[in-house]
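First residue of the sequence shown? That's 0 in numbering that gives the first Met the number 0, and the numbers climb one at a time after it.
Derived by calculation from the structure, the hints in this document are not laboratory data. Because the structure is a prediction, the values reported are computed rather than measured. Keep in mind that the hints are not guaranteed to be accurate.
Ranges of calculated distance between the beta carbons of each label pair, as one might list FRET restraints [as the list claims (entries may be wrong)]:
hint, residue 1, residue 2, range
1, 133, 22, 31 to 39 Å
2, 24, 122, 13 to 21 Å
3, 120, 47, 25 to 33 Å
4, 65, 150, 20 to 28 Å
5, 51, 74, 36 to 44 Å
6, 89, 25, 19 to 27 Å
7, 24, 143, 15 to 23 Å
Simulated pairs of lysine to aspartate or glutamate, EDC-like, Cα-Cα distance not exceeding 20 Å [to be verified]:
hint, residue 1, residue 2
8, 64, 27
9, 94, 65
10, 94, 27
11, 94, 170
12, 146, 130
13, 94, 38
14, 94, 60
15, 154, 85
16, 146, 125
17, 154, 170
18, 146, 170
19, 94, 43
Where a beta carbon is used, it is the ideal one built from N, C-alpha and C, also for glycine.
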Amino acid sequence: MGSGSPIDCISIFSETPVVPSFDVRPGDFSDPRVIALLDHHFRDMHANSPPGKAFVLDITELQTKDITFLTLWDGDALMGCGALKELSSTTGEIKSMRTAEQHLRKGVAARLLAEFMAIGIQRNYERLSLETGRGPTFEGAIALYTKYGFLPGDKFANYQSSDFNQFFHLEL
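Let's have the full structure, built from the sequences with the hints guiding it.
In structure tokens:
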């Protein structure tokens, strides 16, 4: 991994644990399980970020035409969620990645990331970007993104740089 080429992106599928019952679905914002996971994510990001430095989207902000929101399921159990926001015809942003606590270390985030990378390739994006924080809460996410070729880089979109946030990019 690491070069960010499409073949690298697609190879995530072969490295991600494959469980036949894992099912990627469009997010259902009326499902109480989805609402609860998003609420937990929103509260956790605010609790672990300095005031004004949490750029997490609330459930209403995730329901716009420029956002693809996906969930991952094991039967009836919600395992995680994430979003891909279209910034332009060539750039997407990874948002709202969250694994349910009981499903950590099962490849949930990697599976969702692979879906978003594949969507980016299908849409002919040149780049995927993301913003995240610093500190123990964010270390697992940063490790995942760097494992699959995201590199630290400059701020993008309307973000402001600070000592807390950092930016990563993957050239597709």
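Hints and how they fare:
Evaluation of the 31 to 39 Å hint for residue 133 and residue 22 yields a pass: the beta carbon distance comes to about 33 Å. Separation of residue 24 from residue 122 is about 19 Å and conforms to the stated range, judged on CB atoms against 13 to 21 Å. A hinted range of 25 to 33 Å holds for the C-beta pair residue 120 and residue 47, which are about 32 Å apart. Against the hinted window of 20 to 28 Å, the Cβ-Cβ separation of residue 65 and residue 150 comes to about 24 Å, which satisfies the hint.
For residue 51 and residue 74, the Cβ-Cβ distance of about 40 Å falls inside the hinted range of 36 to 44 Å, so the restraint holds. Here the CB-CB span from residue 89 to residue 25 is close to 24 Å, well matched to the stated 19 to 27 Å. Our hint of 15 to 23 Å for residue 24 and residue 143 holds, since their Cβ atoms are close to 21 Å apart. Restraint check for residue 64 and residue 27: satisfied, since their Cα atoms lie roughly 15 Å apart, inside the 20 Å limit.
Between the alpha carbons of residue 94 and residue 65 the distance comes to roughly 12 Å, so the proposed pair stays at or under 20 Å and holds. For the proposed pair residue 94 and residue 27, the alpha carbon gap of about 16 Å is at most 20 Å, so the pair holds. Taking the CA atoms of residue 94 and residue 170, the gap is about 17 Å. The hint holds against a cut of 20 Å. With a CA separation close to 16 Å, the supplied pair residue 146 and residue 130 stays within the 20 Å bound.
Using a Cα cut-off of 20 Å, the hinted pair residue 94 and residue 38 holds, with the two alpha carbons roughly 14 Å apart. The hinted pair formed by residue 94 and residue 60 meets the criterion: a straight-line CA distance of about 11 Å does not exceed 20 Å. A threshold of 20 Å between alpha carbons decides the hint, and for residue 154 with residue 85 the separation of about 16 Å falls inside it, so the pair holds. Simply put, residue 146 and residue 125 have alpha-carbon atoms about 19 Å apart, close enough for the 20 Å limit, and the pair holds.
Between the alpha carbons of residue 154 and residue 170 the distance comes to roughly 15 Å, so the proposed pair stays at or under 20 Å and holds. A distance of roughly 14 Å separates the Cα atoms of residue 146 and residue 170; the hinted pair therefore holds under the 20 Å criterion. For a cut-off of 20 Å, the pair hint linking residue 94 to residue 43 stands: about 14 Å separates their Cα positions.
The structure agrees with every numbered hint stated previously.
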